[in-house]
Every structure is written in C-alpha cells, then in structure tokens.
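Engineer: For the record, the sequence lines run as chains A and B.
Taking the working numbering, the leading residue of the first sequence gets 1, the next gets one more, and so forth.
Taking the working numbering, the leading residue of the second sequence gets 1001, the next gets one more, and so forth.
FYI, nobody ran anything at the bench for these hints, they're computed from the structure.
You may find that some hints are simply not true.
Unchecked claim - Simulated crosslink set (SDA-like; lysine to any residue; CA at most 20 Å straight-line):
#1 Lys1021(B) / Tyr1141(B)
#2 Lys67(A) / Asp1150(B)
#3 Lys67(A) / Ser1088(B)
#4 Lys67(A) / Thr1098(B)
#5 Lys119(A) / Leu1176(B)
#6 Lys54(A) / Tyr1065(B)
#7 Lys19(A) / Ala1014(B)
#8 Lys67(A) / Ile1085(B)
#9 Lys19(A) / Ile1085(B)
#10 Lys1120(B) / Gln10(A)
#11 Lys67(A) / Ser1083(B)
#12 Lys49(A) / Lys119(A)
#13 Lys54(A) / Ser1099(B)
#14 Lys54(A) / Thr127(A)
#15 Lys67(A) / Tyr1141(B)
#16 Lys59(A) / Tyr1097(B)
#17 Lys49(A) / Pro1164(B)
#18 Lys59(A) / Glu130(A)
#19 Lys54(A) / Pro1164(B)
#20 Lys59(A) / Glu34(A)
#21 Lys67(A) / Ser145(A)
Unchecked claim - Away from chain B, derived, C-beta distances all over 10 Å, residues of chain A:
#22 Met1
#23 Val3
#24 Arg47
#25 Thr50
#26 Lys59
#27 Thr85
#28 Gln88
#29 Leu98
#30 Lys119
#31 Ala125
#32 Arg139
Note that the coordinates shown come from a computational prediction; the quantities given were computed from them, not determined experimentally.
Every residue gets a Cβ at the ideal spot worked out from N, C-alpha and C, and that includes glycine.
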Amino acid sequence: MRVWAYVNEQGTLCCALLKESVPASVRAVELEVETPEDVVPDNGQIRVKTEQEKLETMKRDALMELKMIISSLLAPTDYILLKITEAQALGEDIDPLLSRYANELSRRQAIRRWNASMKAAINAASTREELQLVLEQVRTRLTFSSQ
Amino acid sequence: MITRRFTRVDLTNATEDYLLKVGEEAYISFNNVSSIPLRIATTNDTFYELHLLNSNPGTNSNILYGRVRLFPNNTVYDNFRVSVIYRSSDIHGTIYYTSDPGFSISSSFFVAIAWIINRKQYKNVRAVSNLYGWGEYYPLYWEASTDWGDTTTEWASLGTIVYPDRASGEIIVRRLM
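Just need the whole structure built from these sequences, with the hints factored in.
Structural biologist: Encoded structure:
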C-alpha cells in the first residue's frame, strides 16, 4: 500500500493513508509499504523498516503471543501450586498433594517444555516465512503434547 | 414511545467525506481490500456506533492473523493506548499497549460493534467483537478500548479501517449524537 509519511507539529510520526489527508503545512514522503507500521523515523529522516527490523518486530509480537497462551494454559492449575506452597509454609507433608495432583503437575511441566521449544524456534527463525510456520504451531498447538 | 429509524446513506463508492447528521447511518460495502476509507466527516462532540461484519468464511485454511484498526483522519499516528481482554475455549488474557498506531477494532475476521466518541479532550473507541475461523477456539470474544492521547489534533475525518490482509464485508456507521 502507498502511504504519505511526515512528522507533525507535536513531533509525532504520522502516516497518511490518503494523499488528501496530508496537512497542507507539512512535506510528506511518499512510500510503498506492506503496512503503515513499517514506517520509522531515523535520524531526522523517514524510511521503511528493513527486512531484519520487520522480522524483529514479528518476533517480539510472537513471543508476547506465546507468553499469553502459556499463561492461559497454566492459569487453571495455579491453585495447586498455592496449595503446595501453603502446606509447605505450615510445615505439612506435601507428598499427598504431589500424588493427588500428579497429572496436573505433569501437564504443567509439559506446557513449560513446549514453551521453551517454541520460544527457541521463534528466536531461531531467520525469515518471516519461517517465523510464520512457527506461529502456526503456537496457535494451533499442533506440536504440544501433554505427556 | 419514540421509535427512531436511521436514514441510510450509501458511502460505498464515496470519493469525499460526508458529514452524517444525528439519526443518519452510513453503509459501506467492501470487497477484497485491506484498506477501507469510511469517507465520513466528523466534528468535536459527536458520538457514533459502528457495526462491522466480515463476509469472509471462517475456515481454518484462510485465517487472517493480525489486528484491525481504525486510523482517524486516515492517518497513522503513534500515541494510542489500548486495553484488550479476550477469551476463547482455553485461552484468555489481557493486553495493554501504550503507543499503538490507531484505534483497535478487532483481529482477524470478526463481527464487531464499536462506539466512537470524538471530543477534543476525550477521543475513544470501544469495540466488542467475536473472532471466527480459529478452528476449535470459538467463540472467541474480544473487547478493546482505545484512547487517542492527543488533545491538539482535530479529528476531522472518522478515518480508514485497515486489515492485515484483504477482506470483504459490510460496515454501518450510525451517528447517535
């Protein structure tokens, strides 16, 4: 898509999506971009993100998405940890709790292992296409095994 | 009892902004595009209700990942604060962005309602939506509230809705106040 980028009076980088939306008082740079977020300020100039910068942005977003998925998967069994911690604080034997919640604790470990492997795969991706394939795994959880 | 019927204006092929009167609604149909200029002029102290319905089928093979935003004045700025809450079958969470480029409407393909307020000191869009096409993760409820932290820039054109990729659907914008 074509955009017209400029810095406004408040010093904010703005990117008009229609040519007529550029204020008459500014000089805009016409750029061809994939998304308006690809435009960045650089030492007083305005330019389009490099492929490496786009990949880094995508990785940052992917890691945030993974973090939220992991957090959601762990949250329903967080109470077990509280029970164990509470028992420990009171000096009680925690073995009965470990035994009672063995399946849930094992699933939590599996979630953490999957998290580590997905995080490594995200960080290792060298292109956006590669990262997209990792993201598909994260979103569909195809590679997640609760064992 | 007072019954109010909105008068419809078709802005599908509009080439310049139209100022909706209170009680009027704009209808915009879009087909296989990623950027939809609403072509609606706006002024200080106005309030709107926006309905957006994607017509794309919700299959797993054509999931569109990425956020959908409304860019006021058809321009991308960088001073929006967004709070999001969402819930699907087993995923839930909250997101907070402090320097987003526009008003958050939803993500992927969806059916959404948003309320838009344009006041000099308070410019906000609050959107509620259901995302679809995400396999077994349904219904996927998504709610976002975005404040535009700029009290000096005049919001004169309601703006452009931008998808991460091509989409089709229909939009209705009603001016309530």
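Engineer: Would you mind marking each hint as holding or not holding in the structure?
Structural biologist: Checked hints:
1. Lys1021(B) / Tyr1141(B): violated (32 Å)
2. Lys67(A) / Asp1150(B): Since the Cα atoms of Lys67(A) and Asp1150(B) sit roughly 31 Å apart, the hinted pair is violated (cutoff 20 Å).
3. Lys67(A) / Ser1088(B): holds (16 Å)
4. Lys67(A) / Thr1098(B): holds (18 Å)
5. Lys119(A) / Leu1176(B): violated (47 Å)
6. Lys54(A) / Tyr1065(B): Status holds; Cα separation ~16 Å.
7. Lys19(A) / Ala1014(B): Status holds; Cα separation ~16 Å.
8. Lys67(A) / Ile1085(B): holds (15 Å)
9. Lys19(A) / Ile1085(B): Distance ~35 Å between Lys19(A) and Ile1085(B) Cα, so the pair is violated.
10. Lys1120(B) / Gln10(A): Given that 20 Å is the threshold and the Cα spacing comes to 16 Å, the pair holds.
11. Lys67(A) / Ser1083(B): holds (17 Å)
12. Lys49(A) / Lys119(A): Judged against 20 Å, a Cα distance of about 24 Å means the pair is violated.
13. Lys54(A) / Ser1099(B): holds (17 Å)
14. Lys54(A) / Thr127(A): The given pair, whose Cα atoms are some 9 Å apart, holds under the 20 Å limit.
15. Lys67(A) / Tyr1141(B): This hinted pair holds, its Cα atoms lying about 19 Å apart.
16. Lys59(A) / Tyr1097(B): With Cα atoms ~16 Å apart, Lys59(A) and Tyr1097(B) stay inside 20 Å; holds.
17. Lys49(A) / Pro1164(B): holds (17 Å)
18. Lys59(A) / Glu130(A): holds (11 Å)
19. Lys54(A) / Pro1164(B): Roughly 14 Å separates the two Cα atoms, so the pair holds.
20. Lys59(A) / Glu34(A): The given pair, whose Cα atoms are some 17 Å apart, holds under the 20 Å limit.
21. Lys67(A) / Ser145(A): holds (17 Å)
22. Met1: violated (6 Å)
23. Val3: violated (7 Å)
24. Arg47: Fine: 15 Å to the nearest Cβ keeps Arg47(A) off the interface.
25. Thr50: holds (19 Å)
26. Lys59: holds (14 Å)
27. Thr85: The assertion about Thr85(A) holds, with a minimum of 23 Å to chain B.
28. Gln88: Holds, since 29 Å exceeds 10 Å.
29. Leu98: Answer for Leu98(A): holds, closest chain B Cβ roughly 24 Å.
30. Lys119: Holds: least Cβ distance 17 Å, greater than 10 Å.
31. Ala125: holds (15 Å)
32. Arg139: Answer for Arg139(A): violated, closest chain B Cβ roughly 8 Å.
Hint check: violations occur at hints 1, 2, 5, 9, 12, 22, 23, 32; the rest are consistent with the structure.
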